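Chain order of the listed sequences is A, B, C and D. FYI, in this note's numbering the residues of the first sequence are 1 to 579. FYI, in this note's numbering the residues of the second sequence are 580 to 716. FYI, in this note's numbering the residues of the third sequence are 717 to 1148. FYI, in this note's numbering the residues of the fourth sequence are 1149 to 1525.
Hints are computed from structural coordinates only; laboratory data are not their basis. The hints are all genuine.
Here are a few chain D residues that sit away from chain C, every Cβ distance over 12 Å (derived from the structure):
1) Met1149
2) Ile1268
3) Leu1301
4) Val1337
Residues of chain A clear of chain C, computed beta-carbon distances all greater than 12 Å:
5) Lys56
6) Ile139
7) Ser218
8) Asp225
9) Gly270
10) Asn271
11) Glu330
12) Gly357
13) Glu490
14) Ile502
As a list, the in silico BS3-like pairs of lysine-lysine whose alpha-carbon atoms are at most 25 Å apart:
15) C:Lys880 with C:Lys892
16) A:Lys365 with C:Lys1000
17) D:Lys1221 with A:Lys348
18) A:Lys56 with C:Lys819
19) C:Lys811 with C:Lys1077
The structure presented is a predicted model; accordingly, all values stated were derived computationally and were not measured. Virtual Cβ for every residue (Gly too), placed ideally from N, Cα, C.
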Amino acid sequence: MKDEPRIGVFVCHCGTNIGGYVDVPSVVEYARTLVGVVHAERNTYTCADDGLTAIKKAIKDHNLNRVIVASCTPRTHAPLFRSAVADAGLNPYLFELVNIREHCSWVHMKEKEAATQKAKDLIRMGVARTALLEPQEEIRISVTPSALVIGGGIAGMTAALSIANQGFKVDIVEKDSEMGGMLRYLNDLYPGGRKASLVMDEFIGKVKNHPKIEVHTSSTIKKVDGYIGNFTVSVQNEKVPLDIKTGIIVVATGADEFKPVNLYGYSGSGNVLTELELEERLKNGSLQKLDSAIFIQCVGSRGEGRSYCSRICCNVAIKNSKLLKQTFPEADINILHNGIHAYGTYEKMYREAQELGVGFRKYSKEKPPEVTVDGERMRVKLYHELMGREIEYTPDIIVLSTPLIPHPENGDLSRMLKVPLGQDGFFLEAHVKLRPVDFATDGIFLCGSARAPADIIESINQGYSAASRAAIPLMNGYVQAEAITAVVDETKCIGCGYCASICPYRAASMNEKTVVAEEVSYITRKSYINPALCKGCGTCAAGCPAGAITPNHFTLPQIMATIKAFQQPGAYIYDRIKA
Amino acid sequence: MTEFSPRIVAFCCNWCSYVGADLAGTSRLKYPDNIRIMRVMCSGQVFPSYILKALELGADGVLVAGCHIGDCHYVSGNKKAQERVETLLRVMKTLGLDPRRVRLEWISASEGMKFASTVKEFVEEIKELGPNLLGVR
Amino acid sequence: MKSVLVIGGGIAGIQSSLDLANRGYHIYLVEREPSIGGHMALLDKTFPTNDCSMCILAPKMNECNAHPNIDILSYSEVMDLSGNAGDFTARVQRKARYINEEKCTGCGDCTAKCPSKVPNEYNGNLDKRKSIFLPYPQAVPRVMTIDREHCIYLTKGKCGNCKKVCNAGAVDYEQKDTFVDLNVAAVIVATGFDMFDPTHMQEYGYGKYANVITAMEYERMICASGPTGGHLETAPDKEHPGKIAFIQCVGSRDLQHNPYCCSVCCMHAIKESILAREHYEDIKPYIFYTDLRAVGKGFEEYAVRGEKEYGIKYIRGRPGQITEDASTKTLTVWYDDTVNRKVKGLEVDMAVLCTSLIPAKGSDKLAAILDIELDEYGLYKSRDELTAPLDTRRPGVFIAGYCQSPKDIPESVAQGSGAAARATEVAGGAYI
Amino acid sequence: MKQIIKRTKAYYCVECGKCSGSCPVARVNEGFSPRVIVERALSGMKGEIEGDRELWTCLTCEACTTKCPSTVKFSEFIRGMRSSAFNSGYTSRCSQGGLLHSIQRVQSYRDIVQNRLQWISDDLKTSTEGEVLYFTGCLPYFENLFSGFVNPLEIARSTVKILNKAGISPVVSPNERCCGHDLLWTGNVETFQKLARLNIEMIKESGASRIVTSCPECLRTLKLDYADFFEGTDIEIVHISEFISSLIKNNDIKLNRAGIMTYQDPCRLGRHMGIYDAPREVIKSMGELVEMNKNREESSCCGVSAWATCEGNSKLMQIERLIEAKSTGADMLVTSCPKCLIHFRCAVHNQIPVEKEKVDIPVVDLTVAACRALAGE
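Build the full structure now, drawing on both the sequences and the hints.
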């Protein structure tokens, strides 16, 4: 121990919430008997202004170096007390809150004696732990004030523009020779039916003219080093390799359309088309005449092998069917589907297609439509479940709505960035509910169809979202790492790599170290936990076979002392031994 | 002879079970006073040795409580806790310690009721098992 | 320090606030209700991971509360907005809660002594709360509110119990509504949604049959911290149901009510069915759907798992009528199984109406105050629905979450963040 | 067919099935499903619909139409399809071997001279010209056919009595024809139009500006369908229940207490015309109203419409409804449609498939009940 503990204990009555069920004066008396405690008092509300003043005063008067408040749950009030302690000049981590309300007075309301005893026990345990508390520093890591966006589609361009508009330099790395992503292949966009080329040109124009954005086309990522605030990304383009230093990375690599070779007569040529191929024909005007068209939904999705729903295809088919019907009003157009997923306000588009006379016929998963192609002549047989019989169509074109699928390069990128892919091959966010565009690894963000199939609006929304998340460290200029992290004692580390294998944040990694012994020197591997990435869960520590990892603020000695204190009623003598 | 009153240590994770215990309090759910809660950041942070140490020192039971599988604040710490506790239980069997003295429970932040009933059940069970003969009482 | 006004303390507004506060902006988070948290605070679990909703939300609520850059103005409403992007003045009405927020410690002594019991809207009116209350234990801010409609002192001048027992001296019956003017650079509107009231859809007998409940009520019932402690109770004997029917699209995808699809109810029903099975193995859940729109990440798989592992029976058909056996209170759901073409009656013990999520009450008023447009559904209209979804026609005023268009939690969070990015662009002068 | 689809917005169908789930017929008749008929039309199967006997099964009671989430006007759709089928040579099945439809068709001949006023006894005041016309509908013919178990003309007498009480001596015309409702709903649009023309002429000649009817079908037909087919026709017509309720409101008449009553909403009066409250007000003024579980928009049908759909399933529906009525504990089941009255009485007239006690409840027409309860009579 650097210093002998001088602990002050403040027991809160919380009106009658604690005082009514726990004999507070006797608890205070008891606290005074504990070794290490040099001051104990009670307050009506320790959290009220006079309570906080009392703490600050006692720290000065009694030269306290550690503080315990015995009151309510730390989850709501710890920040308040911590800042009071800090105001008085103590490190805020030399504070402990003992919960004698939610965990004691409120659950033992009719047993004052037992509750009082429990409160004493809890305070004794708290004292044992507090005596061993150490100051923690909230370290700051400086952040390179620039961003790198991988992918120049609509999501990536949105993210880049927003980050740049928020005042930061952005590098866009695009693997193709021009930006635009999927927009380059689309005809009209939903909702509203604007030309994709107009939207694309508008965005590309803004990106190209933005003084803070630099675009690297025909470029691919070769290597990623570093961590939040301090990444170095090696980029290869046709001419020269380039190292870009960046504070954060946004992954906006999009997705591909599935080509349904050998399904429903698709061969890549002829009049069986994918949605993108239809868009191409609509775009270049090569579709001159149409008497009948069939759309088939869920081709290659929602089944064996590729289980997910690709989200956008129903809306795409509806959009295109509307367009066909508007261009060829007399044409017979039917969408064969297994549930129309026109979610949200896209329902309106569905209704509009119905108004125009587009037919929607349901097929069953067990008996999907059959397509036969005989030269120019095509036939589609639909088993109409309801009628219990087949309907036959002889369309001029058959459009297969296939899912968006992950890029084959996702694997490489995920390995370089050390971010995970989901089972479906799309990038996996940190938390599906509350962190949709974050990766678990700090400083790397995600948007658009790289995450999951998304339409234009959704890609734009997510682009802004990623831009917002990314701008936080950039604007602060630093990241505040968790104060409570795990640290490795290299002398104990045996280099097994367990910690690195289980750390969900990729904070633990294995570094090669040269160890010089008396006679020889050899290379060994040692764990390093990056304080910038560690969240302090301590899971690595509890599993480290060598006991080389200490989770700060919840150290082995601290917890052991607490356990011991519980079992040793009376004036427990705190543990002076460090592990 | 006074009735045996077990002494039980609980390790509750900061994000779910500790909050569940808070909720039991806020809802004024009565449960036996035999338990003392220690807050840890994650159930994955609980060294198996904590548990054994507590038993060694005479605790009659140890409760480890974390977020439900899939809900872990730290992605997967609770899965690790599960593996470790299972390992420890095997060790305990070999040691001749009744594995029923150690309980692993998933208690979410909204399960105040479950927290209270878990404590109740656990205390009853430990009462049946009788005092832990390890350690000095 | 530049300030931003966030209207609505649901998950979208919380996300906007935190994103902005964490980059050094000052936030006024205005919430109409006594607590922030929005609808997510009422949910038991969330799909498709079955995460406990409060477990993941409460840390964010507390973070808002403890954040030095965030002022939560709960129980308050925006009354006026003047000025332009970069320099707005917002007038906020702080409704009298008859409690001194500075002094109240949230201890609950007052609630214990309050004699006035009223239906608890936070628990779908399935139980009672007091007139001086905290909406739910995890409420933020943790200060009491006196319900002026029902408080005996405020309505009749008698009682005064709460004031007597409050050791903190926080009760103030004389408190008046006050107005504050806030200077802000940008405004984010995230007012969410309200639930459609199915009472007048007589065919389903809501309000008439005891065992017909709404999905939100079900959510409170199945929640361990809800009014029944997580037990599903049916009339007349509080037994848990053997069969539950979940009825989708009640009031939505309905040209007579709400034409749009709410985007979340299919998944919501699957989740609730899975929860039912997790609570009681013998429950048989039936979901009556029109199209099972499992369109999000991992949703289709969740739906399939629901069927294979939890025995959910999906029936494609929107029921036409529910009838009740007056003595046993069991229900018959009359439906057309549109796949098998069978019109049948299914006897169930409980029917859960997955009602439409409609624009939050007062959206039209707020739109007028903010001078932004509503769309044909009464949701806030984007400046350009395709390329500027977060912007409104008034520069510097942004929209996020369900109030912009139907969406689920992650999409609301994403938009909450996105609006924060737009607000930053504007506040920094880069508005284009 | 395309036009019918367009006019009735059938193209909006998303196959949700709410129609069939609401349909009282589909519950007892496996073969029948409104949704399937629409789906057939949308799939282009014109022939299959026209040839399908189930096309004629629909009661057009609008249990589905009122709640269709896609606002498909199903009853109108059915009417359209029936007319199309009729034109292709298909016909409906008709109760009484087609007798009723035949009676109606005969009335469409301009030159026939009916003998339909014999029921007007001396105590009833009627006129040949005047402001108010009582449109009796088919009551005289019903009396001829069904007097074995019901006296439909009592409705007519009661109506006139009440009108007299209010100081009105209504026009009752010997030249009145069937309103055409049944023919219209069974696809015979041409004859319907003939009947309508004759009635419009008759009304004009009478000089009446207001019409009262005791039949919800006449009400619907004259008010909506005549206006639909003959531009500029706007007949002011009220149902007798509305008329009586306004008399009560204005304290023009008083009714004595007549017991506990439950009420059957006729489909034409309720769902078609939205009149739910007037008859209830009349009932409340002469007794206590106990509702059946299924009431107002949710009301079950009497099982037959347009004399085209009587079959075993109709009887099932009628019996079920009577059981429901009986179980309310009411002294009588009141309805305000002569056809409901006939169909319910018919259901228990011969053999009953359940114990008699379960369905043993008098069925009374609203106007008749009100007339009996007139104070001072």
